[in-house]
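Visitor: Each chain is listed here by its residues.
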Amino acid sequence: MKKKFLATVVLAMISGQAAAQSWVLTDAESGTDKGNWQVTSQQLKLSGESFSLQQQVLHGGKQEGSKVLTLTSQNGLTIALSPTRGMDLLHVSGHGVRLGWDSPVDEVVNPAYINLESRNGLGWLDGFNEMMVRCGYEWTGHPVTKDGVIYTLHGKAGNTPASKVEVTVDDKAPHEIRIRGLLKEHTFKKAKLETWTELRYVPGSDSFTVHDVLTNQADYPHDYQIIYHSNFGAPILEKDARFIAPLKSVSPFNDYAKQGLDNWNVYGAPTKDFDEMVFNLVPKADSNGKTVAALLGSKGDKGVSIEFDTRQLPLLTMWKNTDTLKQGYVTGIEPGTNYAYPVTIEKQQGRVKQLQPGQSTEFVLTYSLLKDAHAVQKVEQRVKQIQGDEKTTIEQTPLAKE
Amino acid sequence: MKKKFLATVVLAMISGQAAAQSWVLTDAESGTDKGNWQVTSQQLKLSGESFSLQQQVLHGGKQEGSKVLTLTSQNGLTIALSPTRGMDLLHVSGHGVRLGWDSPVDEVVNPAYINLESRNGLGWLDGFNEMMVRCGYEWTGHPVTKDGVIYTLHGKAGNTPASKVEVTVDDKAPHEIRIRGLLKEHTFKKAKLETWTELRYVPGSDSFTVHDVLTNQADYPHDYQIIYHSNFGAPILEKDARFIAPLKSVSPFNDYAKQGLDNWNVYGAPTKDFDEMVFNLVPKADSNGKTVAALLGSKGDKGVSIEFDTRQLPLLTMWKNTDTLKQGYVTGIEPGTNYAYPVTIEKQQGRVKQLQPGQSTEFVLTYSLLKDAHAVQKVEQRVKQIQGDEKTTIEQTPLAKE
Amino acid sequence: MKKKFLATVVLAMISGQAAAQSWVLTDAESGTDKGNWQVTSQQLKLSGESFSLQQQVLHGGKQEGSKVLTLTSQNGLTIALSPTRGMDLLHVSGHGVRLGWDSPVDEVVNPAYINLESRNGLGWLDGFNEMMVRCGYEWTGHPVTKDGVIYTLHGKAGNTPASKVEVTVDDKAPHEIRIRGLLKEHTFKKAKLETWTELRYVPGSDSFTVHDVLTNQADYPHDYQIIYHSNFGAPILEKDARFIAPLKSVSPFNDYAKQGLDNWNVYGAPTKDFDEMVFNLVPKADSNGKTVAALLGSKGDKGVSIEFDTRQLPLLTMWKNTDTLKQGYVTGIEPGTNYAYPVTIEKQQGRVKQLQPGQSTEFVLTYSLLKDAHAVQKVEQRVKQIQGDEKTTIEQTPLAKE
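Chains as they are written, first to last, in the working numbering: chain A, 1 to 402; chain B, 1 to 402; chain C, 1 to 402.
For reference, chain A alone in the conformation it holds in the complex (with noise of 0.2 Å):
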């Protein structure tokens, strides 16, 4: 038995850091798939904060075969993520609070029973009840028809299963965990971008890391599009939540929007007929190009947060869907390299990006639970701090008509 364990595990030396455990719970080019597995900080003999890492293969209705992965800190956070759902964040939760939203949507649905181009260009949300879902990489964005070809909701990434998944341990405390997948959007003639996604927890903490590497292992420049769709329900959004952000300025997505925008970043409580509001948003940063956003509960007592890079991801969208909650209430934080208008309006207005044939970037989001007011003020005065005394302008006309 214990000759089995050990035998699964690699000892890898990772350049510069300290040694580490890693196990490959999933390898297209070796065949490799470990199914149900579990691993925890105990059978590891690891001392510090306890977790444990576990693998389960869903089963029944769309969800045959999807795989879940949760990795869970008994002080810190429980994380659950689907390699077979392009490494999507399912939900988070830590300290009574949890990270992620209702959707009507209730299975993790294998991409195999989805259709992206049924209604339209709309059969992502066949699948659509994640925490985080990445939007993209070979576009991004609302459907749309060019010479044929339907672009269809938030691309193809979101339901790629991942051809390879691994984790790995440091050896030295804090014990740091990682959690990578490897998503292929191969297509003979039109695409090889190839993203490593990576998770990084340490046991105890109150955030993550998402580290993703984007590679365009083709010949030829391609354009990428990606959305960061960071969703987030009950408890942290409510009557008087409030989004927070340092921004230049703030326009409405669309006419209906516009409507909203004298209160755009307070949220009303489950209103029904509301549907959606979406608002482009340009977010201003520290000299380092960091910048941050936040739900924060009425009371200011929980919230969430995303520090990203605007020189990653210069724009930011905000989603306030605060219909009834059996239609899905949730808002959506959603840093990007375009906003959500169809790639064809992106495009237009110069929003695309290129990346040259070998040519990698980076994207990397840090997430943080707020537990408490402390934690909440802390996020709020880096806001103010970053947007000083600049005021954000609010525009009142959409960016483009769909």
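Just so you know, these hints were derived from the structure itself, not from any lab. Keep in mind that a hint or two might mislead.
To be verified - Listed below are the simulated DMTMM-like cross-link pairs for lysine to aspartate or glutamate, each with C-alpha atoms no more than 25 Å apart in a straight line:
| no. | chain 1 | residue 1 | chain 2 | residue 2 |
| --- | --- | --- | --- | --- |
| 1 | C | K189 | B | D275 |
| 2 | B | K189 | A | E238 |
| 3 | A | K34 | B | D33 |
Keep in mind it's a predicted model, so treat the numbers as computed, not measured.
Fit chains B and C to the supplied structure of chain A, relying on the hints for placement.
Guide: Below, chains B and C without anything else, positioned relative to chain A:
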């Protein structure tokens, strides 16, 4: 061994009913998947009519991973249904008579291999071979494109893997068996319809009941449509086989069916180039809303009847597909809320129903295998009784043009 | 252990042939699925050239559940095919030469993850990386939309999981191995085409034969089209590699190919922005209808040839895709009933064939790895011999405009 067996048995006390044993074969919530599974009345030490229940996971071709659950009653019926395909009934047999038909599609196709949008919305035909397939519930009918969205042939329920599958056997004689399956039509912003399908069967009997409860779990009203597409070929369908039902009126589905109006309720032998004729029927019911439709063999010594409630399913479609044997020699008896016109036409003509938030509606259909002349005569009498003196109106004009 | 092994062996007496052992690896009818499986000549106690046969179930990414069956002959060829992908040949190697190519698509993609209709009918490109993929049989060629139906690129056979897979090994030396797979293109009212694919190989040999039998199992005539899309990259394809075949005529597929007519049968080095040139060829055959086409390395010391029967496959397409290595440096030698124009054009120009009800047709192609100058010269002589004195006509005008 015995322990393990007992461990999987849940003793359930259903309110007002006898104690029963039940098994959860599939459950998306708990991750349960029994895979290949079997239980017999002998194992359960039940006296009375002997029976067995068996679930099998299929392999090969496009049926890879499809599940089939078969109920076998030694002196009664053998009923096969597929949890992977919307709890559809594949085929039923007993007393040397088969209910079902021979489709060119001879595999139990896993919906993972079906694109419902293919062939301009006819992808459903890649899997169609059931004795009874639920055509609904978000929409039904012939495909149509509206605002760029394809409403695919006969909706999605029949190609939706069940999220939960339970089998229950009454402890008390006559040990009624209930097979329940939960179908979810969940799409963010579009639908949250759930259907608990149920098949009820008493071992030794020649009848079984389909008892489905559809619930709109959303906070908004939602349209629904359902056609219980019930299909029969040889040996009941044959030259001079007859369709009977108490009817207020008959109308041809289209101009082609108009040509067959004179003889609409009598079947021909397999006929090259016959293709299909469809007739829209308005059933007449007894004072409780109950009615019955039946297919009778030419000699009046075998048949199949479907009893249903016109308050639940007010309309009836008769599909006459007496083409060649290999092309599919089959007739459909299809109680429904709707006819088979595209949803746009059904909506326009006021036949599409709606469920309010949280509202449920039920559909109960009793299928009987008519094994001899006596059984056939009983149904004929029932039809005559309900028809009474009222003549069936024969309309010459199709209700709509597609 | 031995008992179990023997139990899986079926002793078969094929009419007029030597006794043979055979294994059913997959069978939709009986529910057979051997999964990971292996047999060796040693286990079978066969003398002569040693060989092994191994089936592996892949995992990870979009190849989850895909099967690969590999035949390895120590002194001959290693041939890998995928039952999940229409019995397509993935790659072949022997004597230090590889037949196949490096596609940007590097997984054996399970068709469950492919939507053939995506990108306006180009979804096939999400899985294209085979040495030989069957493009047919319901239709082939470039995608086209007619009456709302998308005829997707190169049809469905190559993305159809085999319904039955059998391996047979002759008891008698030289122990010919036959790998058979059944592909079903079944759609109610649309098609019932079945293809028994067969690969025949004698251990130690440098050649193998593809022997496919297509049958129209329907009661109605059905059109069919097939292109045996056979693809080769390095090491045979290189600067100054040559394509040879006895030909009646050559014409450019489109205006772009017209520009390359002068040098159409000689290859350049990997060339940025070359994209693809396609040439329509009419092969010349010997008095028995047999012909051969070959790709030869620049030094004349290696190559690959395909012999086929022009009574079965009267046309030949040469696909010159000498773009960069990462983009896919590859050429296609594609015997077929058709050229690669959309089915609408092929139909209009009278090249689409038809099978009557119950009628079968066969396609036999022999692939040879040309390991040295001697083997190359033999094929060159054969081409010259068939060509004789007749000059190849070079047409300047494409046959059609897409």
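Visitor: Which hint numbers doesn't this structure obey?
Guide: Violated hints: none at all, because every hint is consistent with the structure.
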